[in-house]
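With the hints as a guide, bring the two chains together.
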Amino acid sequence: MRRSLIAPLAAMLTAVPLTLAAADGGGDGDQSWTPPRTAWGVPDLRGVWDFRTITPLERPAKLGDKQVFEGDEAAEFRVAELGRRDKDRRASDGISAEQDVRNAYNQFWWDYGDELTEDRRTSLIVRPESGRIPALTPKGRERYSAMRAARARPPRTPVDRGVAERCILGFNAGPPYSPSAYNNNVHIFQSPGYAVLLIEMVNDARIVPLDRRGHLPAHIRQWRGDARGRWDGDTLVVESRNFTDKTSFRGSGANMALTERFTRVGPDRVLYEYTVSDPESFKAPWTAVIPMKKTAEPMFEYACHEGNYSMFTMLEGAREGERAGGHETGGDGQ
Amino acid sequence: MRRPNRSGSIVNPLRAAFLLLAGIWCVPTLAPGQPADRTPDGNPNLNGIWQAVGSANWNLEGHSAEAGPLANMGALGAIPAGLGIVEGGEIPYQPWALERRLQNKADWLKLDPVVKCYMPGVPRATYMPFPFQIVQTPDHVLIAYEFASASRVIYMDRPDFEHPGDAWMGHSRGRWEGETLVVEVTNHVPDTWFDSAGNFHSESLRVEERYTRNGPNHLMYEATIEDPEVFTRPWKIKLPLYRRLDENMQLLEFKCVEFVEEMMYGHLTRKDEE
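Here the protein sequences line up with chains B and D, keeping their order. When the letters of the first sequence are read in order and numbered with the numbering used here, they come out as residues 1 to 334. When the letters of the second sequence are read in order and numbered with the numbering used here, they come out as residues 1 to 274.
Isolated chain D (complex conformation) (with noise of 0.2 Å):
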């Protein structure tokens, strides 16, 4: 129940005027360790649109320049260096995995699955060089990525709620502690990787993802990456993310399909045509 005014007056109109506008003219300012500004139904508001910056995609861990595998793209095709963003800086692979691995990055051009435009999965979306847009309703968080129109769907009201099977983008259950979003992500397809250096994991994938707001515009994220069948202990990725603030923002489409068939079935179309 909410407590009556203090005074047992009615609040003074002119007052509450200003409090009301004030507080939609205001920009939010949200220093680290502040709480962050609420959804209607009194949520931390992670609504917006946000994109990681940095060159994770291309691999976790750090890493120097190297060229790209399309010496035609120049200095465009090339992998920009990373300080990396796992806890501890390498990945705690199983020695069998650790080969794999090293045989996956040797044959990533042919072997990364975003390479054709198949669904990144979690955490990958996030980091891809791409925007995606949270919308927060009370049951569900839906999460859209501009990158081959992927999406999931977050379940904030059904902890019980198991998926029948696996999926690309996993399956996503949420809640709320304090003041950061928890999201426990399950049921992956052994199919997806981290990045473009051939880092993986299998289908007994699990991943915490936590979201807190540490900034009006500015998101921390953090994973916990949990395989037994690959790794050797749980390990952890951090990175911030930042509010897209141009002008009219919205995501774009990036239907990416038509622009790999040609790699895809390329030899298998009638070439005597056009």
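Looking at chain B on its own, in the form it has when it is part of the complex (with noise of 0.2 Å):
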């Protein structure tokens, strides 16, 4: 009798790192797992997707060049992490009264997320190897200077603050999407010959036409580029063109073309993939990968122009600080 119980044991065993495998996502899983299928026969991408993490986007200096941790190397670099990003750190912890105020928010505010990516890479880049944005042309260099000072001193005029803080675009929405301070979600709709990405950040939809037309024409520009949409085996590749020069990515100009590629990898997992080719900006293309995880929480209206009121304030103080003749000083130059 007793020998009767060991086969379905032994398949329960085998099965749970399948079930895991599963779960976790990993592209290197359950190769078995086949996505799930819309009623027209296209893999199924639709839901709110989940992108926070604390694995940072460019590999921190002092890891080199190790792109997965090992052992409690993990653990470690997580715990420091949340350390460095407690906002409820006072100056009697021991930072500066300067980086208090610099805080602004509590922690209760923010939602970064509190672990890293389930692959334990070092980066959210993948490709260079250094796990690092390539260097920027001069061109790509200067653009990037003038807009950090803007940013650094008191306002002149709204655009010195940025497209996040303008309400214009979310502080995540890129394109392309990248994990920051909080509402970090991407809710996909599909309807035959359409995807459409809803981020949650400033509410913005990017619909997403499958038909394979053309982009829109080069003199015509959006401030999230123009998304045109393909699929690669069970991948949704999409390509965006026509981005303006007043947006930038990470150094980014006009005219970076930008790949970004979802694959359902797991019944509550997408792999969201994208690269950033822009020869004019970057030496070098580069590539990161942030898996999403599905999540049943809906996602809700983010009114920020409507609510903008630290915009007037922002202005406010600038001009009150000239009126009391004093320099240009401030701002947090982020």
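Derived by calculation from the structure, the hints in this document are not laboratory data. Backbone N, C-alpha and C fix where the C-beta goes; we use that ideal spot for every residue, glycine too. Possibly wrong hints are sitting among the right ones.
Label pairs and their calculated CB-CB ranges [as the list claims (entries may be wrong)]:
(1) E247(D) to V101(B): 50 to 56 Å
(2) R233(D) to G307(B): 29 to 35 Å
(3) T287(B) to S202(D): 50 to 56 Å
(4) G214(B) to L98(D): 36 to 42 Å
(5) S202(D) to G83(B): 46 to 52 Å
(6) I220(B) to E66(D): 47 to 53 Å
Right, dumping it as structure tokens:
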């Protein structure tokens, strides 16, 4: 009688790693898993996807060429990173009074997430191997420096504060999407011929036609670019062009070619990969991979411009400083 | 359960191929009252890019043409006449609210929230002079509006989902009634208007929208507006929406914040630069 239990038990034991592999969605998990399909037969990416992570976009310099954490390194890095980001530290905890002021919100308001990506990579950037954004070209550096200088001074006009604080695009909305302070969620919709990427920050819906039509004419430019999609096997590939010179993703310019790839790798995982190609701005293309987790939580409207009192107060403060004979100081340079 | 083919035999493959091709190539012809074509999950197909035509955004009630507020815009800045889209012609305001509406209209350029590029709310987003796109899934209907990149998600699968706060575009829960998508919109902020003529509401606003296909390229839009703090009874608006048939039609960007910054913040900017 006892022997008859062995086979089912063995089956269960072998099944456990497979199930976990499918659930953690690392691309090299259960190869037999196939994504669900929509009623019209394409891979089903629908749902709300959470891309929070404390894995840094760029590999910290102190980690050298280490691509993946080993042993206890991930746990140690996580603890240190959470400590570094803790906004509830006060001057009495050893941070400068200036830093305390710059932290602005309490920890309660921040939602970077508290986990590294499950693949334990040391950076979201996977190419180049340095895990860091390639050097800017002279033109790229010039644009980036001008932007940094504008941010570092008390704002002369709203333009000095950048698109996120002007409420034109969310701080994590890119494109491409990049984990940041909070509301790191994108709701994907699909209907025949379309995919729609609705990001929570500032409600921006990128509508992606899948009918192989060409991009907009080159002189029609958009803050979020112009997206066109296609299926590469089970992967949704979104190519965006026609950006403006008014936005910049980590130094990118108007002629950035952005390729984003969305692959359902498990019941509750989409692997999001993007490649920035912009020879005018970067000396080489670069690619990042961000696992997204399915969430049952709905997204809510982020009415940013409608409540942008801080733009009034920043400008008022800057003018008041000038009236008081102050010089241009301050700004957080972010 | 699907019933077997009446003859019990395998369908003639040629006939099947013909029907398939006919289904792909035939332009849908839909007379008023006929059922709409279907989405893959079997609901009336409202997918597409739609737009209202007319001057409801200037004034829901019938109105003559009049000069606009900006003389240097000339004829292009003038307000076109309209027959009105309010059932019965007039919005049934309570006396105090009518007074307020007249004050709003007198000072609308300063007070109208869409002048500041704020999200228009519901139903106004529907008849702003900009296209919007409906994207249907079985659980959600997304409506993305070109104006201000506003959007809203209509929850088809969560009738009991209560919104924890208020929103500029409200909180939308939908259901199908025959050929009609019915959407209950609640949790409105009190700050949106219905048009540029000062027609307004309070935070007690509830809107029931009805979207019905009545042609291959037309939707009939009806909305019942209820707000016991402002009106004496519920009232209705009705207008057709037209499919944008332009080749390669797509929503373009109208992120209007940059167009209102000088108006809103100009008095606080530093003028000696550039």
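Now for the hints, and whether the structure bears them out:
At about 55 Å, the CB distance of E247(D) to V101(B) agrees with the hint of 50 to 56 Å. At about 33 Å, the CB distance of R233(D) to G307(B) agrees with the hint of 29 to 35 Å. For T287(B) and S202(D), the hinted distance range of 50 to 56 Å is satisfied, since their beta carbons lie about 51 Å from each other. Checked against the hint of 36 to 42 Å, the pair G214(B) and L98(D) fails, with Cβ atoms roughly 53 Å apart.
Range check, S202(D) to G83(B): about 48 Å between beta-carbon atoms, so the 46 to 52 Å window is met. For I220(B) and E66(D), the hinted distance range of 47 to 53 Å is not satisfied, since their beta carbons lie about 34 Å from each other.
Checked against the numbered hints listed earlier, the structure breaks hints 4, 6; every other hint is satisfied.
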